[in-house]
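So you can see what is in the structure, the chains are spelled out below.
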Amino acid sequence: MDETSAAVDSLIADLAKGAQEPPAGDLPAIWTSLEDLGLAGVGLAEDVGGSGGDLTDLIALAESVGRHVVSSPLLENGIARWALGEANVPAPPGVCTVSMLAPDVVLNLGGGTVDLFEVPWARHAAVLLVVSASGVHLVDLRRESVRIVPRVNEAGEERDDVTFNCDAAVVVASAPSVAAIRNRLALLWAAVLAGTIESAYGLTRDYVNGREQFGAPLVRIPAVAGLLATVKAELVQVEAGLQRAKDHALHRLDSAETTAAVAAARVTAARAATVAARLAHQLHGGMGITAEYPLHLYTSRLWAWRDEAGSEHQWATSLGGAAAGLGEDAVWDVLTSP
Amino acid sequence: MSSSNAVGAAPRDEHVNLRREVRALVETWRQQGRYQPRSDSWLRGFDPAFSKELARRGLIGITWPTDVGGRGLSNTARLAVTEELLRAGAPVAAHWVGDRQIGPAIIRHGSETLRKEILPGIVAADYVFCLGMSEPEAGSDLASLRTTATKVDGGWVIKGRKIWTSGAHHATHMYLLARTSRGEKKQSGLTEFILDMDTSGISVSPIVDLAGEHHFNEVLFEDAFVPDGRVLGSIDNGWAQVVEQLSFERGGPERFLSTYPVFAELLDVARDGVIDVRADLGHLVARLATLRQLAWQVARALDAGEAPVQQAATLKYLGNAFEHDVLEVARKAYSDSGLRPGRLRNDGFRQALLASPGYSIRGGAAEVLLSLIARQEVK
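Line by line, the protein sequences give chains L and E.
The opening residue of the first sequence carries number 1 in the working numbering; numbering runs sequentially from there.
The opening residue of the second sequence carries number 1 in the working numbering; numbering runs sequentially from there.
Okay, chain E solo, but in the shape it has when bound:
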C-alpha cells in the first residue's frame, strides 16, 4: 500500500543540527534567567552579550563567504537559525539588521576594502547597525529623501535628518541612503554609505513609543564627514541596490513571528481553557504553516541568486496580518479571565499589543506592499 511504505523523517528536515544547537542555547540562557522571552524581540530585545554568544558559535553571517568570517551556508540554514531564535523570543536586536541585510548588501556591492573593514565586525557582533532610510518627509515614499551627501576632498559631507531609526542609540554603525545628485526622477541620484556613529556631526535623539519604550530615534547630520571608502556600491546607484535589500528585509520570519510568544501561550490556554478556540487556532496554525513555507521559498530564491521582491512583500503583508490576528484569538481565549487570574493583563500580551501597530508599518506599510504586489498585475 503506497501510504505506508515510506516512514521516518518529514520531507525537509535539513538543518536539524543547527536548530538543535540554537534551541539548546536559548533554553540554557532562559533557565539561567539571562533573558525573558518577549514579543518583537528582533527590535526590542537588545542584548550584546547574547549576540556575542551567537557570534562565538558562528551563528551570525552564516550565509556569508568564509573569507569574511562567514560559513558559506545557505539562506535556508539561516532561516532555521532565525526561526528558532524568534520562536524563543530571544534578544537578537543587536545583530539583527547587520546580519540580515547590511552584511549581504556589502557582500553584493561593497568594495574589497569595505568588506574587510565591516563584515568581520558584524560576524563578531562587535558592530551594531542601524538603518538610515526613513526621513520626516520620506516615509513610505523613501525615494523622496532629502538628506544630502556632498562631495569634498577624500569623501562626502552629510547634511540632513533621519527618523524612526531603530536602535540608533545603541548602534556603532549606520547604513545611510542619501542624495548625491538630482536627476529627473527622484529614484536617481541616491547613494548608499556606511557611517561610524561616533563621527562628529551626528547626533541621536530618542523618540519614545506609545509603550513608553525607547527604540526609535531621530538622527541629525550636521556636516558629518564620511570617507570615500565608505561608499557602498556605485555612486547614484543607491535605489537599485536598496530595492534588492528589501527582499532580505521583508522576506524573513520576523515578519510573522513578532507575536509568537503570545501564540505559544495561546496553545497552553487552548488546551486547558474554558473558551473553545479550536477553530480559530486551526486557522492560525494553517497560516503559520503557510508562512513558514513562504519564508522557506524566499530563502530558496535568495540561494538561487534571485531578489524575490514581490514574494517577500507578499510574505510580509500576510505575516503582519497573522501577527495581529494572534492577539485577537488570544484575547478570545483569555476571555474567561473572570474565572481566574486575568491573562489579558499579563506583560507578554500587553507588550505584544502595544508593539502591534508597528508591525504592518515598519519595513513597508501594508498599503505600500499591496500596491507593490498589484503593480506586477497591471498590464
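The following block holds chain L by itself, in its conformation from the complex:
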C-alpha cells in the first residue's frame, strides 16, 4: 500500500469504528462523512464536483471500504457521476445510483412501465443510471410515478425494487461504453471483496493463533492449519486477479482483454468470498456465530457482495461463453495472458 492509500485506509478505519453494523435499511451515517471529506468524489474530475484522483486511487479506496466493511452508496454514486461527467450531463445533488443488468438484457422502453429489482440505495437516490444491452439510460427517481418497494440484501443494505414509466428514462448520449461502465464497476467490487476477504482472513488467523484447545493454539492442529492456508491461498489468488485486472483497466477500460480480466477478477473474488466466509466461520467455531463477535460483519458482506455488479454466475457464464466463442488462441493470448 502506498502512502496516500495507507492514509485513506486509516481514515476509513477511524470512520468505520462502531459504524460497521449492517445498516438495516437506512442510508448509513458514514455516508455524510464520506461526502464531507471528499472521499465520495475520488476518481471524479474536479470540474464535475469530484476530488480528483485516478482509477488506481479509487481501487485503493474500494479495498479500504471492503477491509473496514463500510456500507454506503460510494461505488454506485461514484460510477453514475463518473459516467454522467464523461457524457457532459450534469448530475443532480444527492445520491446517484446505478443498476447494471445482465449483458444480454435489453431495456424495453416501448411503452408502459419498467420493473428493476435489487437497485442499490434507490429509495434515497435522486437519479438512477441503467446500464443494459440497450445502452445507458438515466431515470429521474424523484418523479411521482416512480414506485419503490424497499428491500435489503444479506448485509442489510438497501436493494430496492423500482418501477418507473418509460418516459422517465432518457438516453445518455456520449456516455462511456457499456463495457467501460460494467468493467469499472465490477473491478471496484472485486477490490471491495479483496479487502473484506483480507479482513476476514486476518480475524481468523488471529483467532486460531490465540484460542487454545487441547492445550495449544488451534493452529497447531494440522487440519486447522490446512484450512487457514486454504483461505490464504484464496486471498493470494484474489490479489493476483485484481492486480491483473487493474493493469489491463488502466491501459484501456473497455477492451476485450480488460473485460476478460475484470470478469476473471470478479469470478475469482466471488468464489474466494464463498470459501473465506465458510472457512472463517468453521475455524471460529461457536464464537463466530454470536452477534457480539465481529466476524459476521465481514461474512454477511461477503455473502452479499459476491454477487454485486453482476452475479458470479453471470460473469462466469459470459467469460466462459467468450472463451468458447473465441477459441484457444484467443483464450491464451487475450483472455488469460499475464
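Some clues are possibly wrong.
[Claimed, not checked] Computed far set for chain L versus chain E, every beta-carbon distance over 10 Å:
1) Ala102
2) Arg143
3) Pro222
4) Arg278
5) Pro294
6) Trp303
[Said to hold, decoys possible] Straight-line Cα separation of at most 20 Å, SDA-like style, residue types lysine to any residue; simulated pairs:
7) E:Lys185 - E:Glu137
8) E:Lys151 - E:His214
9) E:Lys332 - L:Glu328
10) E:Lys379 - L:Arg211
11) E:Lys379 - L:Leu218
12) E:Lys52 - E:Ser144
13) E:Lys332 - L:His313
14) E:Lys159 - E:Leu220
15) E:Lys379 - L:Pro217
16) E:Lys379 - L:Arg205
17) E:Lys159 - E:Phe225
18) E:Lys151 - E:Arg161
19) E:Lys186 - E:Glu137
20) E:Lys379 - L:Leu203
21) E:Lys159 - E:Gly121
22) E:Lys52 - E:Gln31
23) E:Lys379 - L:Pro222
24) E:Lys185 - E:Gly139
25) E:Lys159 - E:Ser144
26) E:Lys52 - E:Lys159
27) E:Lys379 - L:Arg220
28) E:Lys332 - L:Gly321
29) E:Lys379 - L:Ala216
30) E:Lys379 - L:Ala223
31) E:Lys379 - L:Ile221
32) E:Lys379 - L:Gly215
33) E:Lys332 - L:Ala216
34) E:Lys379 - L:Gly202
35) E:Lys379 - L:Val224
36) L:Lys17 - L:Gly156
37) E:Lys159 - E:Lys186
38) E:Lys379 - L:Thr230
Source of the hints: derived by calculation from the structure; they are not laboratory data.
Ideal placement from N, C-alpha and C gives every residue a C-beta, glycine not left out.
Assemble chain E onto chain L, guided by the hints.
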C-alpha cells in the same frame, strides 16, 4: 474519454518474439508428425531430438549467464518459452529438470569447475538430469533421507536408495541429496552432489505406474564413487540450498498446465457441444488467468534475486487443483457422448486422467504445501 484514449497492445506483451518462435517450432514439428501433443509432457514427453532442437535455437538455459552458454535473459522470458511449450504439449522431459532447477542451482552454488563441466552440457541438451531426492523412508519428509555419502580419498562414496526418480533410466546425470554427517537436526548434515549415471555402483530399476507407463525408477547406490569436484555448494549445507531450489521447482507453469491439452479440446467441445458448460469454463478461464499471473509474479521475484518459496507453494497448490478440475469439467462437457463418438474414451483424456493422481503429490504433496503456507501465518 479516458476509456478510449489508449489503444493497442496489452499492458505486458514482452517476449512476444520468443513466444512466436516457440509457436512456429512446435507447429512445424506437429505438422510433420514428429510429436503428438500430450498431457503432462514435461514428465512424460521424452524426446532428446526435440530438446536438441530447442538447444540449437538457444531456448535452454536462457536465463543463464552468457559465459556458460546462456543468454542472460530474465525469468519472465523463460516463462514465455515454457508456457508455450507446455501449451503445445511438446516433448520437453529430456531437458526440463536440468533447465529448470539444476542449472540454476549450479549457477548459485557451484564451483567454477562444476559450472564449466556441467552447464554447457545442459544448454546443449547433451545432458539429461534426474533428481535424486525422495527415498523409501523420506517422501514428503525429505530431510529424513538416509542415503549416505562417506568421505574417502579424492571424493565420496554413496550408499543408499532413491525412489520415484523420474527419467533415471534416460538420465546421463543425477542431482543427489545425501547425508554427509549426523547433526542434532535432521536438516543438518546434508550435501548436494552431481553424479554421472554411468558410475559403477549405480543401478536403476523401473517402477511402472498405474497407466502402464515407465517414468519412475528406483535407484540403488552400492558404493558409488563421486569425486570431490562434484560436490554442489558447501558440505553439510544441502538443506538450505535445496529449499531455494523449490521455488524454481514449484513456481512454474508446469504446475498448472499438465492437463492443458484437455483444456484446449474442452474449448472446442464447449463451442459445438450439447452440454452447456459456459459457467464452469468461465471459472476455469478465470483460474488459468490468475495462475498465469502468479507464475509471472514468481518469475519476477526470481529476477529480483528472491527465493519466493511460499508464493511458489501457493501457485503449485492452486495449479494442481486447476489441473484436476479441468478433467472434471471436460467430463461434464463430454457427457453427451451417447449422441456421438465418445470423447471420454479418447487417448488424451485417458492419459491425463491416469496421470492426474501424481499432479498434487510430486514436487511437494498438497498437504505439505498447505502446512508450508500455514507456517508463515503462525505467530
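Results for each hint:
At roughly 13 Å from the closest C-beta of chain E, the C-beta of Ala102 (chain L) stays outside 10 Å, upholding its exclusion from the interface. The claim that Arg143 (chain L) is not at the interface with chain E holds, since no C-beta of that chain comes within 10 Å of its own (minimum 29 Å). Listed as a non-interface residue, Pro222 (chain L) fails to keep its Cβ farther than 10 Å from every Cβ of chain E; the least gap is roughly 7 Å. Every beta carbon of chain E lies more than 10 Å from that of Arg278 (chain L), the smallest distance being close to 16 Å; the non-interface claim holds.
Listed as a non-interface residue, Pro294 (chain L) keeps its Cβ farther than 10 Å from every Cβ of chain E; the least gap is roughly 19 Å. For Trp303 (chain L), the condition that its CB be more than 10 Å from all CB atoms of chain E holds, with the nearest at approximately 19 Å. This hinted pair checks out: Lys185 (chain E) and Glu137 (chain E) have alpha carbons roughly 17 Å apart, not beyond 20 Å. With a C-alpha separation of about 34 Å, the suggested pairing of Lys151 (chain E) with His214 (chain E) is violated against the 20 Å cut-off.
Among the hinted pairs, Lys332 (chain E) with Glu328 (chain L) is consistent with the structure: their alpha-carbon atoms are about 19 Å apart, no more than 20 Å. Between Lys379 (chain E) and Arg211 (chain L) the CA atoms are separated by roughly 12 Å; this keeps the pair inside 20 Å, and the hint holds. About 12 Å separates the Cα atoms of Lys379 (chain E) and Leu218 (chain L), which keeps this hinted pair within 20 Å; it holds. Of the supplied pair hints, the one linking Lys52 (chain E) and Ser144 (chain E) is violated, its CA atoms being roughly 37 Å apart against a limit of 20 Å.
Taken as a hint, the Lys332 (chain E) and His313 (chain L) pair is honoured in the structure, with Cα atoms around 17 Å apart against an allowance of 20 Å. About 8 Å separates the Cα atoms of Lys159 (chain E) and Leu220 (chain E), which keeps this hinted pair within 20 Å; it holds. The suggested pairing of Lys379 (chain E) with Pro217 (chain L) holds, with an alpha-carbon distance near 10 Å, which does not exceed 20 Å. Between the alpha carbons of Lys379 (chain E) and Arg205 (chain L) the distance comes to roughly 9 Å, so the proposed pair stays at or under 20 Å and holds.
Between Lys159 (chain E) and Phe225 (chain E) the alpha-carbon distance is near 9 Å, which keeps this suggested pair within the 20 Å criterion. A distance of roughly 18 Å separates the Cα atoms of Lys151 (chain E) and Arg161 (chain E); the hinted pair therefore holds under the 20 Å criterion. For the hint linking Lys186 (chain E) to Glu137 (chain E), the alpha-carbon distance of about 13 Å falls within 20 Å, and the restraint holds. A distance of roughly 13 Å separates the Cα atoms of Lys379 (chain E) and Leu203 (chain L); the hinted pair therefore holds under the 20 Å criterion.
Of the pairs offered as hints, the one joining Lys159 (chain E) and Gly121 (chain E) is violated, with about 26 Å between alpha carbons and a cut-off of 20 Å exceeded. A distance of roughly 18 Å separates the Cα atoms of Lys52 (chain E) and Gln31 (chain E); the hinted pair therefore holds under the 20 Å criterion. Of the supplied pair hints, the one linking Lys379 (chain E) and Pro222 (chain L) holds, its CA atoms being roughly 15 Å apart against a limit of 20 Å. Pair hint Lys185 (chain E) plus Gly139 (chain E) holds up; C-alpha atoms about 17 Å apart against a cutoff of 20 Å.
Using a Cα cut-off of 20 Å, the hinted pair Lys159 (chain E) and Ser144 (chain E) holds, with the two alpha carbons roughly 15 Å apart. The straight-line distance between the Cα atoms of Lys52 (chain E) and Lys159 (chain E) is roughly 33 Å, outside the 20 Å bound, and the hint therefore fails. With a C-alpha separation of about 11 Å, the suggested pairing of Lys379 (chain E) with Arg220 (chain L) holds against the 20 Å cut-off. Between Lys332 (chain E) and Gly321 (chain L) the CA atoms are separated by roughly 16 Å; this keeps the pair inside 20 Å, and the hint holds.
For the given pair, Lys379 (chain E) sits about 13 Å from Ala216 (chain L) by alpha-carbon distance, which is consistent with the 20 Å threshold. Note on Lys379 (chain E) and Ala223 (chain L): the hinted pairing holds, with a Cα-Cα distance of about 17 Å set against a maximum of 20 Å. Between Lys379 (chain E) and Ile221 (chain L) the alpha-carbon distance is near 14 Å, which keeps this suggested pair within the 20 Å criterion. For a cut-off of 20 Å, the pair hint linking Lys379 (chain E) to Gly215 (chain L) stands: about 16 Å separates their Cα positions.
A distance of roughly 44 Å separates the Cα atoms of Lys332 (chain E) and Ala216 (chain L); the hinted pair therefore is violated under the 20 Å criterion. The straight-line distance between the Cα atoms of Lys379 (chain E) and Gly202 (chain L) is roughly 12 Å, inside the 20 Å bound, and the hint therefore holds. For the proposed pair Lys379 (chain E) and Val224 (chain L), the alpha carbon gap of about 14 Å is at most 20 Å, so the pair holds. Taking the CA atoms of Lys17 (chain L) and Gly156 (chain L), the gap is near 18 Å; set against the 20 Å cutoff, the hint holds.
Proximity of Lys159 (chain E) to Lys186 (chain E) is assessed by CA-CA distance (about 18 Å); at most 20 Å being required, the pair is judged to hold. Only pairs whose Cα atoms come within 20 Å are accepted, and Lys379 (chain E) paired with Thr230 (chain L) is accepted, the gap being roughly 17 Å.
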